[in-house]
Amino acid sequence: MISRNYIFSALLLMMALRSYAADYPVSSIPKPLVKYANAVIRLREHEVEIHSINKVTIREHYVITILNEAGDNHAYWTEHYSKLNSVDRIEGTLYDAAGNKIRTLKKSEIKDEPVSSQMTMVDDNRVKYHNFFHREYPYTVEYQSTRTESQTMFLPNWSPVPSRGVSVEKSSFTLISDIDYQYRVKTYNYPSKSIQSTLRNKRLEKWEVMQVPAAPAEYASPPIHEIAPYVSFAPTSFRIDDFRGDMSSWKELGKFQYHLNKGMDVLPESDKQKVAEIVRGLNFDEEKVTAIYRYMQEKTHYVGIQLGIGGWRPFPAEMVSSKGYGDCKALSNYMVALLKEAGIKAYYTLIRGGEYERDIPADFPAQVFNHVVCAVPLKNDTIWLECTSQTVPSGYMGKFTGNRNALLITEDGGKLVRTPRYRQSDNLFHSNIMARLDASGNLEMDVMNNYQAECSDDLHGRIHAQSREEQQKYLDKNLDLPHYEIKDFSYKELQNKLPVIEERISLTAANYAQISGKRLFIIPNLLNKWNSKLAIDTARFYDIDLQETRIESDTVTIEVPAGYRAESFPKPLDLQTDFGRYQSAAELNGNIIRYTRRLKLNQGRFPAKSFNDLVRFYDQMYKADRARLVLVKSE
Amino acid sequence: MKINRLFLCTFLFFSLASIAQDKLPFKFGKLSPADFTQGVPAFDTGAHALVLGDVGVSRIVPNFNGGFGYEFERRIRVKILDKNGVDAGKFLIPVYFSKTNDSKEEVKSIKGTTYNLDAGKITETKLENNQVFTEKQSRNYHIKKFSMPALKEGSIFELSYRIESDFLFEFRPWVFQGDYPCLWSEYEIEVPEYYDYVYLSQGFLPYHISTKKEVPRAYKIRGGDAGTMGLKQNDFTLNGSAMQKRWVIKNIPSLKEESFTTSLENYRSKIEFQLSSIRYPNSNPIPILEDWPKVTENLMSHQNFGDQLKKAEGYVEELLVPVLAGITDPVEKARRIYAYVRDNYTCTSRGSMYTSTGLKNLIKTKSGNVADLNLLLIAMLKSQNIEAYPVILSTRSQGQTHQIYPLMDRFNYVICAALIAESEFLLDASSPDLGFDKLDIRCYNGHARVLMKDPVPIYLLADSLLERKVTMATVIVDKDSLKGGIQTNFGYYESQSRREYIREKSENAYFEQIKTSYGTDYSITRTHIDSLKKLDLPIKVYYDLAIGREGEDIIYLDPVLVPFSRENPFKSTSRMYPVEMPYRIDETYLLNFEIPEGYKVDELPKSVKVSLNESDGSFEYIINADASRIKLRTRVSLAKASFNPEDYDSLREFFGFVIKKQAEQIVLKKIANP
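Keeping their order, the protein sequence lines are chains A and B.
Sequence positions in the first sequence follow the UniProt record's numbering and run 1 to 635.
Sequence positions in the second sequence follow the UniProt record's numbering and run 1 to 674.
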């Protein structure tokens with residue numbers, strides 16, 4: 001009876017599919033789904049069947065209507081594959097606006113390429129993709145594909161709204177497994193519960209969304225993963241290549257990695273001697289860590305060779321030592337080994353790198369990491385080391401790895417810990433400019449800038465990637481002055497608790513000030529001007545998510561030719577808003593203009609209705625930073 | 001006698017010169033600690049790594065298939081100057097395989113050693129074979145990838161490898177100027193008398209050595225069946241000669257990006273080869289590189305080019321029936337056809353002179369590449385007995401085409417030339433914002449070829465384009481506000497970019513952008529655009545603006561509401577290569593300002609006129625005032641679009657002056673007791 005029922009329902013399903021597949025006229029898309037949309041997912045059915053610990057089948061049916069050029073990138077069918085998975089079947093059809101079939105996919109049109117052809121990457125990952133490259137809008141593409149995974153360490157996740165500008169008519173995700181197969185689920189922004197059923201000794205669990213309108217693209221709106229539904233899956237016991245593991249807890253997941261890393265930390269004799277040499281005479285662990293880290297940075301550089309076990313096992317320390325390169329795993333493993341040799345306990349640490357990433361939930365152990373760093377817990381503090389950088393100061397975690405959960409791989413298994421976060425009072429920019437104006441309006445200035453913590457991230461990258469000539473070229477092009485020449489400049493990195501870069505520049509700006517018959521016009525804010533302008537938006541949809549936080553303080557002293565008095569000076573300004581505070585003031589004492597500016601930017605979430613206050617705040621800063629002073633000759 | 005003596009002298013001179021300086025100043029494989037003292041070269045102080053020597057040799061020799069192939073050998077020595085220079089030790093070697101036969105390339109004996117100086121001693125680290133990875137990009141293209149080991153600041157590495165190739169049509173070019181500066185770059189080739197190559201050498205750097213020499217050679221032809229030479233024996237020897245050529249350039253700086261260049265590739269020092277004919281013994285020469293008429297003939301029957309025009313003869317005419325109803329004038333017909341193609345077909349890519357989908361499919365799907373669209377346009381014009389030809393060219397970012405040799409891989413774009421009565425029209429239907437007889441700026445890249453029976457060159461020059469822009473502002477100040485009416489007549493190309501913006505966003509969004517640029521305290525009203533849809537004409541933009549004010553005693557006024565630029569477009573203080581702007585500029589701003597009641601002019605900027613290098617350009621700023629109004633006229637014009645690097649400083653100063661002058665203020669003062 002059961003089998004007959006099954007056949008019957010399968011038949012129904014097929015018929016249903018066929019009648020869908022016949023056409024997808026654009027006219028049948030509900031109006032609300034077109035607003036803000038570049039593409040509409042008409043139907044997406046994901047079916048993931050876990051047959052065993054080393055076989056998973058993923059069937060996908062995807063129908064999307066592309067409304068305009070901006071939606072074209074959603075018309076691709078893309079499947080990544082490697083030694084651990086394969087693409088078994090792919091069919092595709094193109095429809096016109098009325099839903100009439102134009103043509104079907106030809107096998108020869110499928111592209112098959114390595115994922116990355118850059119030099120820094122050697123790995124097994126390849127990608128197959130297809131596109132009809134149709135450009136008469138709107139049009140609809142339909143793809144049906146099946147692929148097989150031979151590992152269960154990573155299960156597919158469900159992200160029904162892939163990005164802004166895409167609406168969804170109907171999207172579902174079904175997980176099919178043996179009744180006793182154990183997996184865990186974490187849902188985000190998913191309003192209802194999953195539907196569970198059993199069929200032929202299989203357990204089915206289904207999630208579904210319908211009629212989700214497109215999210216508009218707005219300035220500083222929250223990242224898509226905070227507003228769109230998302231369901232994440234993780235196995236309990238899993239297998240990858242010939243390795244089995246358990247991720248029901250962070251501890252168990254850590255054990256798996258610990259096991260993989262075992263025996264990879266053997267150092268050659270030369271490195272052992274080198275470590276002994278480095279730590280000789282050093283008394284404190286902090287000093288030793290810094291010195292050994294420096295040694296590792298000078299000796300190695302990043303080359304992304306990721307082969308075997310899906311790229312999850314580090315290459316041996318010995319290999320990094322002889323070749324002088326490795327990827328994040330190999331380099332971090334090498335660093336842990338060097339510190340071990342010095343008698344300092346350090347941990348290989350899994351992390352998810354990237355800005356604006358979804359935070360890893362402490363209550364949902366899963367393999368969601370994409371990067372490795374080294375953590376050194378000392379008596380008072382933990383020192384964090386980014387081993388793929390040849391330049392980052394010891395202990396600093398920038399925006400790529402800071403302020404998030406990370407998994408320490410210890411001999412007792414995994415331990416979830418938090419990487420450091422830098423606060424407003426840490427992220428400082430301070431500028432002090434001494435300038436002299438001559439009688440024809442030419443300005444000479446000496447600039448001294450200090451960048452601390454996150455304020456120093458960009459500059460750090462630049463000064464280390466560029467030669468002096470390239471640094472000069474950058475300065476030639478990027479100062480906020482209409483016309484100028486750099487005379488000299490220098491950079492100094494200070495070894496404080498937080499990274500600080502000191503920048504000195506001397507330059508001349510010909511004709512900076514206008515000197516007419518009896519007046520002198522000058523903008524006293526010489527270099528640090530607010531540059532963002534926003535358009536008023538009366539229909540703002542999302543809350544405002546401001547990520548940057550810092551304090552800027554500027555002092556400018558300008559010596560002007562004698563004999564002038566102030567004719568028009570803007571009143572001191574103090575703008576206090578939820579988004580931050582801006583203060584500026586200028587005064588003339590004798591022939592000295594003194595200008596001060598202070599800006600505090602707050603991090604946080606602000607209601608959508610306050611958006612126009614933000615627009616005005618930016619606009620007022622923009623204007624104030626360009627306000628001119630007028631001096632007139634004393635009679 | 002005389003001739004002989006001269007010959008002898010020249011000969012002596014050359015041999016002396018060769019003794020003095022014609023050899024690589026070091027030997028590969030031999031290093032001493034002194035070699036590590038080499039620092040950043042004075043001719044390229046921004047370098048992260050320095051190529052001490054890069055020597056390539058390519059010889060055409062018999063392969064094992066009964067014909068010839070070539071062997072390429074390269075040896076390179078590099079010093080890593082700073083930690084960013086380790087990237088110089090990363091290599092990608094592409095390897096090709098034929099799609100249609102068993103011709104192929106093979107990389108052999110990759111050997112590398114890194115040398116480090118540690119405490120006065122040199123240590124060696126070898127590149128191991130298991131660190132050389134092969135990545136399959138596609139069936140006919142693989143990449144060998146590797147990184148030199150143990151590289152750090154101060155390291156020197158040497159690398160050598162050999163490639164055996166069957167592809168004589170792609171005889172290996174040599175790039176003297178790469179990503180890193182180089183002290184000595186040398187290339188030697190040996191070509192048997194049977195092969196004629198055209199040498200295409202480009203760049204600004206002089207050859208230190210450029211020599212040639214003929215040598216006798218006995219070629220043993222092995223294996224294969226009949227072979228490419230049409231000879232029947234399996235193994236035999238050919239006695240002949242070969243030409244050896246050798247080029248050296250010394251002290252080569254790396255090529256660096258600069259603003260306002262069409263394509264940096266035009267300036268890179270390199271030498272390329274194009275097979276022009278094959279002359280095997282006892283057989284007729286086989287021409288390979290053809291002349292323009294022959295190339296045109298081939299193209300006109302190519303299945304992705306001229307053949308498409310022929311096939312289209314039958315079916316394009318009926319499409320035009322509704323388009324041309326009642327039209328008899330041929331120029332008007334051409335206009336209608338042009339507009340029809342432009343407005344009804346979408347161009348999806350612009351990188352090829354060959355059709356992608358073909359005309360039949362284009363008509364069905366309404367989308368194709370630039371060749372599909374413009375060939376359809378040509379087919380349609382021809383169907384109405386209008387003389388029309390394809391014109392092939394290379395767009396600005398692609399580098400220039402060769403005027404003499406028809407090197408087809410340099411062409412990437414096709415437009416249409418229509419000849420009606422005595423007039424010639426150049427048409428491009430691929431951009432929805434272009435008008436009749438207008439081309440995109442990117443097409444103005446010098447030589448282009450009209451594919452007529454006797455193909456003629458035409459020259460599309462940026463210098464021939466004039467972008468004229470006039471802005472008129474009328475400003476009045478009343479008790480509580482400052483108000484103005486602005487009208488800007490844009491030049492054609494600025495109109496095109498605004499049309500594109502408005503088409504993609506909206507007219508509203510365009511004015512919203514203008515409003516944002518003035519600030520939230522300004523209001524923008526009475527907005528209007530003339531000729532937005534008349535694509536043959538430039539647009540005119542109108543709007544009124546107003547900002548509130550208080551009755552100050554002194555009014556400071558920025559008279560130039562729409563300045564030429566707020567920042568100098570030429571920021572860099574030095575320049576290596578010519579400045580290539582897209583067109584000549586002529587920009588005028590006129591202000592008519594009504595002095596408010598109760599105020600008088602207290603200060604006015606001075607009028608000036610300056611010129612750039614006498615006649616290359618001019619700037620004027622003429623201002624005068626009477627009791628009731630101020631009139632200002634300021635104009636920037638350039639007489640040409642391209643400037644030599646020597647003119648860069650004066651160009652930069654010129655723009656600096658324009659920006660400063662246009663930022664000057666007018667001061668009005670309340671009359672004490674009116």
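These are computed hints drawn from the structure, not numbers from a lab.
We put the CB at the ideal spot given by N, CA and C, even for glycine.
Worth double-checking, as some hints may not be accurate.
[Said to hold, decoys possible] Result set (EDC-like, lysine to aspartate or glutamate): computed pairs, CA atoms no more than 16 Å apart in a straight line:
(1) A:K518 / B:D521
(2) B:K144 / A:E298
(3) A:K633 / B:D602
(4) A:K299 / B:D521
(5) B:K144 / B:E164
(6) A:K83 / B:E603
(7) B:K533 / B:E552
(8) B:K144 / A:D124
(9) A:K477 / B:E603
(10) B:K364 / A:E470
(11) B:K571 / A:D123
(12) B:K83 / A:E470
(13) B:K366 / A:D96
(14) B:K256 / A:D476
(15) B:K136 / A:D124
(16) B:K256 / A:D112
(17) B:K136 / A:D112
(18) A:K274 / B:D118
(19) A:K299 / B:E124
(20) A:K633 / B:E603
(21) A:K299 / B:E153
(22) A:K571 / B:E124
(23) B:K152 / A:E298
(24) B:K136 / A:E470
(25) A:K518 / B:D602
(26) A:K533 / B:D521
(27) B:K571 / A:E485
(28) A:K477 / B:E153
(29) A:K477 / B:D602
[Stated by the list, open to error] Just so you have them, the derived chain B footprint on chain A, three or more residues with Cβ under 8 Å:
(30) 323-329
(31) 342-355
(32) 467-473
(33) 510-523
Outcome of the hint check:
no. : hint            : result
1   : A:K518 / B:D521 : violated, 30 Å
2   : B:K144 / A:E298 : violated, 27 Å
3   : A:K633 / B:D602 : holds, 13 Å
4   : A:K299 / B:D521 : violated, 57 Å
5   : B:K144 / B:E164 : holds, 14 Å
6   : A:K83 / B:E603  : violated, 78 Å
7   : B:K533 / B:E552 : violated, 44 Å
8   : B:K144 / A:D124 : holds, 14 Å
9   : A:K477 / B:E603 : violated, 34 Å
10  : B:K364 / A:E470 : violated, 52 Å
11  : B:K571 / A:D123 : violated, 42 Å
12  : B:K83 / A:E470  : holds, 15 Å
13  : B:K366 / A:D96  : holds, 11 Å
14  : B:K256 / A:D476 : holds, 15 Å
15  : B:K136 / A:D124 : holds, 11 Å
16  : B:K256 / A:D112 : violated, 34 Å
17  : B:K136 / A:D112 : holds, 10 Å
18  : A:K274 / B:D118 : holds, 13 Å
19  : A:K299 / B:E124 : holds, 15 Å
20  : A:K633 / B:E603 : holds, 13 Å
21  : A:K299 / B:E153 : holds, 9 Å
22  : A:K571 / B:E124 : violated, 69 Å
23  : B:K152 / A:E298 : holds, 7 Å
24  : B:K136 / A:E470 : violated, 36 Å
25  : A:K518 / B:D602 : holds, 10 Å
26  : A:K533 / B:D521 : holds, 13 Å
27  : B:K571 / A:E485 : holds, 9 Å
28  : A:K477 / B:E153 : violated, 28 Å
29  : A:K477 / B:D602 : violated, 37 Å
30  : 323-329         : holds (count 3)
31  : 342-355         : violated (count 0)
32  : 467-473         : holds (count 5)
33  : 510-523         : holds (count 8)
Comparing the model with each earlier hint shows violations of hints 1, 2, 4, 6, 7, 9, 10, 11, 16, 22, 24, 28, 29, 31; every other hint is respected.
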